[in-house]
Amino acid sequence: MLSETIPWLPITQASTCAIGPKKLGETVTSKRLLGTVLAAAAVALPASAAVAATADAPLLWYQFDETDGTVVHDSSGNGHDGTAVGGVWGDGLELDGVDDHVDMPDDLMAGLDAITVTAEVWIDPDQAGPYFVYGLGNTSGSWGDGYLFTTGNQYRTSLSTCHWTCEQNTAAGFDLARGTWNHLAFTLAGGTGVLYLNGQEVARNEDVTIAPGEIGGGATAANYLGRSLYPGDRHLHGNFADFRIYDGALSAAEIGDMAAHISADKAAADAAAIDLGDTSAVTDDLALPEQGANGSAIAWSSSDPAVIDQVGAVTRPAADEADEAVTLTATVTLGSARLQRAFTATVLAEYDDAEAVALDAAALAIPNLDDVRSAIHLPTEGANGTTITWKSSKDAVIATDGLVNRDEPGGKTHKVKLKATVERGGEKEKRTFTALVPPLPEQAEYTGYVFTYFTGEGTANGEQVYAALSDGNDPLAWNELNGAQPILTSDQGEGGVRDPFVIRSPEGDRFYLIATDLKIHGNGDWDGAQRHGSRSIMVWESTDLIDWGEGRLVEVSPEAAGNTWAPEAYWDDELDAYVVFWASKLYETEDHTDDTYNRMMYATTRDFVHFSEPQVWVDAGYSTIDSTVIEHDGVYYRFTKDERSNTSGSPCGKFIMGQTSTSLTDTDWDFLTECIGAGAISRGEGPLVFKSNTEDKWYMFIDEFGGRGYVPFETTDLSSGEWTVAEAYDLPASPRHGTVLPVTADEYERLQAAW
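At position 341 of the sequence shown (counting the first as 1) the number is 323 in my numbering, and the numbers step up by one without a gap.
Since the hints were derived computationally from the structure, they do not count as laboratory data.
Hints may be right or wrong, so weigh each one.
Straight-line distance between alpha carbons at most 25 Å, and here's what the computed BS3-like set of lysine-lysine pairs gives [said to hold, decoys possible]:
no. : residue 1 : residue 2
1   : Lys373    : Lys397
2   : Lys373    : Lys394
3   : Lys394    : Lys412
4   : Lys376    : Lys410
5   : Lys412    : Lys399
6   : Lys401    : Lys376
7   : Lys397    : Lys412
8   : Lys410    : Lys373
9   : Lys373    : Lys401
10  : Lys373    : Lys399
11  : Lys397    : Lys376
12  : Lys412    : Lys373
13  : Lys376    : Lys399
14  : Lys399    : Lys410
15  : Lys376    : Lys412
16  : Lys410    : Lys394
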């Protein structure tokens, strides 16, 4: 039964299963993390249908418990010692990612009709790809001529009797998490390959026609840990703590028990990380997670499904009934680890008219009332079905649709009273707000530029906001601000901010900085970031480019989105609002396990607090990201990264394409050009575009990711679609996807003085 005094409950069924080198039933535990099984109370679950031909004992078993020397001892008793080529003994064997690896004996798969390979591995966050965790086979020039290997890129195990053209893959379709220990396992018997991660099956291929013993005709002279069989691939940067090969396929239960010391910790972390928010006064459906960050499956049960069901759908009691308390129980499963955690949610009865009116009236808020500089958001509907009407004491200054008309420079600051009437079912409540509207600022010429950017995921603080000032009006010469340290940092959301974008209000004296809520440093999990990443953007605002306040996270993407990347904005005179756009992968399944691609999304806002419902802006049928926009002579120019792989079928993949439209929110833009940057850079993303302060010239900085970083291009004719690399430039160190904003002399001096 459930307890209210502990955060989660283990299921305490006993389990025994062979993982050792001698015989079934004899338990052997890893030297690391001993005791975590008991600490997390992990237990075996009912095993799925096991593959035939289970193994009795390892054919090879490296425990990596040496302290020096180059011999990696085989604990199986079969004499299959390996040789450490480089590496450092410590927490297992640490490989440097340059040339360290383990050379294993030849012909390890000779005569095998079935096989199990397991590895306990830690992959460094800076691991470069492509790479193998291990490879068993042969190498011939630049082509492998037969192998079995596992890679953490789109985690998969492959068998081949030639090279990549005849690979048979058992693939999970996501990258292995970096900076953490994982237990990997692959079994093959009877034509069925099964791939496991931390004791849990993640992929299955029932059409494998290659037996391990057929590879190389049984002769394999390139059997490596931490090294690919393709000489051009990267070595593994990480640690091994255990590696085994079995003659035969272990069962799911055996794999689960072998990984239990890792899966128990990860399941416990996933259980502890479940956050349903404030459940003390529930009125809407709850988002019940179905998967943890470590891959745990999360199933839900409810003490009262008529009020909250197992998928979080809420049915509130009638207005004349009492509130209902419901216990929701999460069962977290990863391999043989299974934990339960209980949550109490109180579902409020439906509001009567008076309650609804009072709540919606109290919820009304208008940002920056003491300093209204642009159009404001005046809602016409409340969250509880009320209607809201507005009256203004000075309609010529602030109209009832929220449009603002400021006096000319040197004019008057107006005080305007805005009265809201909130109504439902004959009940009514009024609220009055007082707004101050200053005159417009004096117009001034732009005399320089400020460049905001991040520097990458390679350092702990690289995913924060950096800035540089141009050398006067030279957009190709820059001086870093704040000693090349961040000027803004975030501890909200995921704790990292990427792709910072700054926009000036149409009146010129308010600024918004928006950014991606994402931190890749320390995990390297790009697949996870696109399946279960933040649906929010980070927002700061300022009136002087110096004081940005605390910043806030604002959710803009729908629940179907797995990520919200590279937000930018542009003011639309027709809508009297900002159009904010970003890239998201949209999934059809609730747990975001299906394959999909990035689309460009957009929503509108006036205050970067209240946003319209998101809509698809660009759907090319393949991934597109990193759109940026500039307007000239009534035409919008949009530049977007084609995210496809660069192949003969998509020769402009990983480069920038250009489109035009006379309507910013149009979903059918005209083609202008593609392959911007090809021939000058190896690939490009994160384009930023801006006009020169002094002439009819435009600049586009394109990020040659994995290469030089930003490279400046220029043109004197936007409509031509032709861009050339600037002849000479001096950019800040390591600038990544950001913004260049023209600034006045006063703004330039303030930035210089502050930083």
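| message | So if I understand the rule, the pair passes when the alpha-carbon distance is 25 Å or less; does lysine 412 with lysine 373 pass? | response | holds (11 Å)
| query | Is it true that the CA of lysine 397 sits at most 25 Å from the CA of lysine 412? | reply | holds (19 Å)
| query | Within a Cα-Cα threshold of 25 Å, do lysine 410 and lysine 394 meet the stated pairing? | reply | Measuring from Cα to Cα gives roughly 35 Å; hence the hint is violated.
| request: Sort out whether lysine 410 lies within 25 Å of lysine 376, counting only the CA atoms. | output: Distance of about 23 Å is within 25 Å: holds.
| Restraint status (C-alpha distance of lysine 373 to lysine 401 at most 25 Å) | With Cα atoms ~5 Å apart, lysine 373 and lysine 401 stay inside 25 Å; holds.
| request: Could you grab the alpha-carbon distance between lysine 376 and lysine 412 and see if it respects the 25 Å cut-off? | output: Between lysine 376 and lysine 412 the Cα gap is close to 18 Å, so the pair holds against 25 Å.
| Are the Cα atoms of lysine 410 and lysine 373 separated by 25 Å or less? | holds (15 Å)
| Within 25 Å, alpha carbon to alpha carbon, are lysine 373 and lysine 399? | At roughly 8 Å apart (the allowed maximum being 25 Å), lysine 399 and lysine 373 satisfy the hint.
| message | For lysine 376 and lysine 399, compute the direct alpha-carbon distance and say whether it is at most 25 Å. | response | holds (7 Å)
| task | With a cut-off of 25 Å on the C-alpha distance, tell me whether lysine 399 and lysine 410 pass. | result | holds (19 Å)
| query | Can the restraint linking lysine 412 and lysine 399 be considered satisfied, given a maximum Cα separation of 25 Å? | reply | holds (13 Å)
| said: Check the hint pairing lysine 373 with lysine 397 against an upper bound of 25 Å on the C-alpha distance. | reply: holds (14 Å)
In this structure, the hints that do not hold are numbers 3 and 16, in rising order.
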